[in-house]
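These are the residues of each chain, in order.
2 protein chains.
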Amino acid sequence: MLRVAICAPSRAITYDIADRVKALAADYPAINLDFHAQCFETQGHFAGSDAVRLAALVECANDESYGAVWAARGGYGAARVVEDALTQFGPSAATKIYLAYSDGGTLLAGLYKRGIGQVVHAPMPSDIGRAGGEEAVGRTLEYLSGAANGLESSLDARPVAAFNLMTLAMLCGTSLMPDLAGHVVLVEEVAEHLYAVDRLFFHVMPHLKGIAGLRLGRVNDVPINDIDFAQSAEQIARHWCARNSIPFLGLADIGHDVANKIVPFGLAGRGVAQ
Amino acid sequence: MLRVAICAPSRAITYDIADRVKALAADYPAINLDFHAQCFETQGHFAGSDAVRLAALVECANDESYGAVWAARGGYGAARVVEDALTQFGPSAATKIYLAYSDGGTLLAGLYKRGIGQVVHAPMPSDIGRAGGEEAVGRTLEYLSGAANGLESSLDARPVAAFNLMTLAMLCGTSLMPDLAGHVVLVEEVAEHLYAVDRLFFHVMPHLKGIAGLRLGRVNDVPINDIDFAQSAEQIARHWCARNSIPFLGLADIGHDVANKIVPFGLAGRGVAQ
Numbered sequence: 001m002l003r004v005a006i007c008a009p010s011r012a013i014t015y016d017i018a019d020r021v022k023a024l025a026a027d028y029p030a031i032n033l034d035f036h037a038q039c040f041e042t043q044g045h046f047a048g049s050d051a052v053r054l055a056a057l058v059e060c061a062n063d064e065s066y067g068a069v070w071a072a073r074g075g076y077g078a079a080r081v082v083e084d085a086l087t088q089f090g091p092s093a094a095t096k097i098y099l100a101y102s103d104g105g106t107l108l109a110g111l112y113k114r115g116i117g118q119v120v121h122a123p124m125p126s127d128i129g130r131a132g133g134e135e136a137v138g139r140t141l142e143y144l145s146g147a148a149n150g151l152e153s154s155l156d157a158r159p160v161a162a163f164n165l166m167t168l169a170m171l172c173g174t175s176l177m178p179d180l181a182g183h184v185v186l187v188e189e190v191a192e193h194l195y196a197v198d199r200l201f202f203h204v205m206p207h208l209k210g211i212a213g214l215r216l217g218r219v220n221d222v223p224i225n226d227i228d229f230a231q232s233a234e235q236i237a238r239h240w241c242a243r244n245s246i247p248f249l250g251l252a253d254i255g256h257d258v259a260n261k262i263v264p265f266g267l268a269g270r271g272v273a274q
Numbered sequence: 001m002l003r004v005a006i007c008a009p010s011r012a013i014t015y016d017i018a019d020r021v022k023a024l025a026a027d028y029p030a031i032n033l034d035f036h037a038q039c040f041e042t043q044g045h046f047a048g049s050d051a052v053r054l055a056a057l058v059e060c061a062n063d064e065s066y067g068a069v070w071a072a073r074g075g076y077g078a079a080r081v082v083e084d085a086l087t088q089f090g091p092s093a094a095t096k097i098y099l100a101y102s103d104g105g106t107l108l109a110g111l112y113k114r115g116i117g118q119v120v121h122a123p124m125p126s127d128i129g130r131a132g133g134e135e136a137v138g139r140t141l142e143y144l145s146g147a148a149n150g151l152e153s154s155l156d157a158r159p160v161a162a163f164n165l166m167t168l169a170m171l172c173g174t175s176l177m178p179d180l181a182g183h184v185v186l187v188e189e190v191a192e193h194l195y196a197v198d199r200l201f202f203h204v205m206p207h208l209k210g211i212a213g214l215r216l217g218r219v220n221d222v223p224i225n226d227i228d229f230a231q232s233a234e235q236i237a238r239h240w241c242a243r244n245s246i247p248f249l250g251l252a253d254i255g256h257d258v259a260n261k262i263v264p265f266g267l268a269g270r271g272v273a274q
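The listed protein sequences derive, respectively, from chains L and R. Going by the numbering used here, the final residue of the first sequence carries number 274, and the count climbs one at a time with no gaps. Going by the numbering used here, the final residue of the second sequence carries number 274, and the count climbs one at a time with no gaps.
Careful: at least some of the hints might be erroneous.
BS3-like mimics (lysine-lysine), calculated; alpha carbons at most 25 angstroms apart, straight line [said to hold, decoys possible]:
no. : chain 1 : residue 1 : chain 2 : residue 2
1   : L       : K209      : L       : K113
2   : R       : K22       : R       : K113
3   : L       : K209      : R       : K209
4   : L       : K209      : R       : K113
5   : R       : K209      : L       : K113
Just so you know, the hints here were simulated from the structure itself, not pulled from any lab data.
With the hints as constraints, model all of the structure from the sequences given.
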């Protein structure tokens, strides 16, 4: 039995979301989900104050009875607590699987930089709120049950990392930014104008020198601008890869949607497919 | 007579905007405005292709008959051309005044990093499109005519720089990012959620180590989010300054509005007030 602690370093979820995820998880006998009460707290934008979110994250990571820590939701907030939380992670934290994406990539980055645990880009409990969201959440539950069928299909012999592009951009140059040299880096974006996506690529590329290459996930829910950008997200990614002599390796099956696949950082964590 | 070349490294302006600025400039006999034809070109989002915008910028900077180069408008695009443009700037470029703000801060940053010319955060021709925009544009015209009454009032014996926060964030770690150690850094923002402002401060602060302090300009047109951030922009700025041991020096009279004041980078360029 893998016990999974769920906390919310960024925004809160509702009890209804947790109930629906627990109902779905009843079909996965190899795992047991434990939603920390902090998931449902709110203080302004966040799932509780910085101190409350930090304490819950540290508690989950350091509790020996848990084998995995799963971020309940993204939405911004992890950047306010992860640096301090990591300094409080003990030996038990190093043995766990950590799952998140979107703003949760801030936690994944900091853990990966420090070599703590197995870091996994994966759907989160909040995804159950999407139309057909059981597919997304079920993918993470299957992964935690030992299945490898939810892995992003391009994973090869090279180490890999997956990020929301804005989240990655905000990590560049901070204490949480891992060394991604030699990695295939997958990026996705949501709800950003294409000019902003272009701007983000301008920014992140100098921080990705030495990576093995870049793959572009889905760029979803692009807002309507007063002027059409007239270039696709793929054209944008190819432009900035070429300009920075970084191989563009094609598309990636990740994004803010129910098809979002699982990407264990590095080379480990690929389950039975390994 | 100061001859001012106007080009558009980012987005285009209309002939109507140029006509209104020229009409206003008729009251300033010490300066002559010359709108480059490139200002009115469009290719998708941009004021012409990257090659066209780059060529116009280089042409204006290298033309000995001009004493100043003024960006017509922001809106994103300078990041695609400034790095290459600067490599083509000749001796004449070093003697000029460069004026812009918002996305034009990308040009200002690159120039300032290389010590080329006098770099000035100032209203742009496109500001005439705002209600009461003559006040903003007139402020730049007065500055170019030798007046110092449009300077931001907090300027003191320390060198200074002023940026749109998102623009500055995208510059961090790139070849265009100047060394701002010892500087008072003024930042402003527009049309970003407060959670995004918080995220931007998380990101830029490690890149501002050693600055003399930070001043917060206006954070305008914050979109309505599905949840209130519950902290003001000033609270956000104070939080991240405190966390990074950077002095918060108070507010700054800059922003995407007609009251936006003039900030010559460094210590020079303060006109008769100096």
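Hint check:
no.: 1; hint: L:K209 x L:K113; verdict: holds, 16 angstroms
no.: 2; hint: R:K22 x R:K113; verdict: violated, 32 angstroms
no.: 3; hint: L:K209 x R:K209; verdict: holds, 23 angstroms
no.: 4; hint: L:K209 x R:K113; verdict: holds, 21 angstroms
no.: 5; hint: R:K209 x L:K113; verdict: holds, 21 angstroms
The structure shown violates just one earlier hint, number 2.
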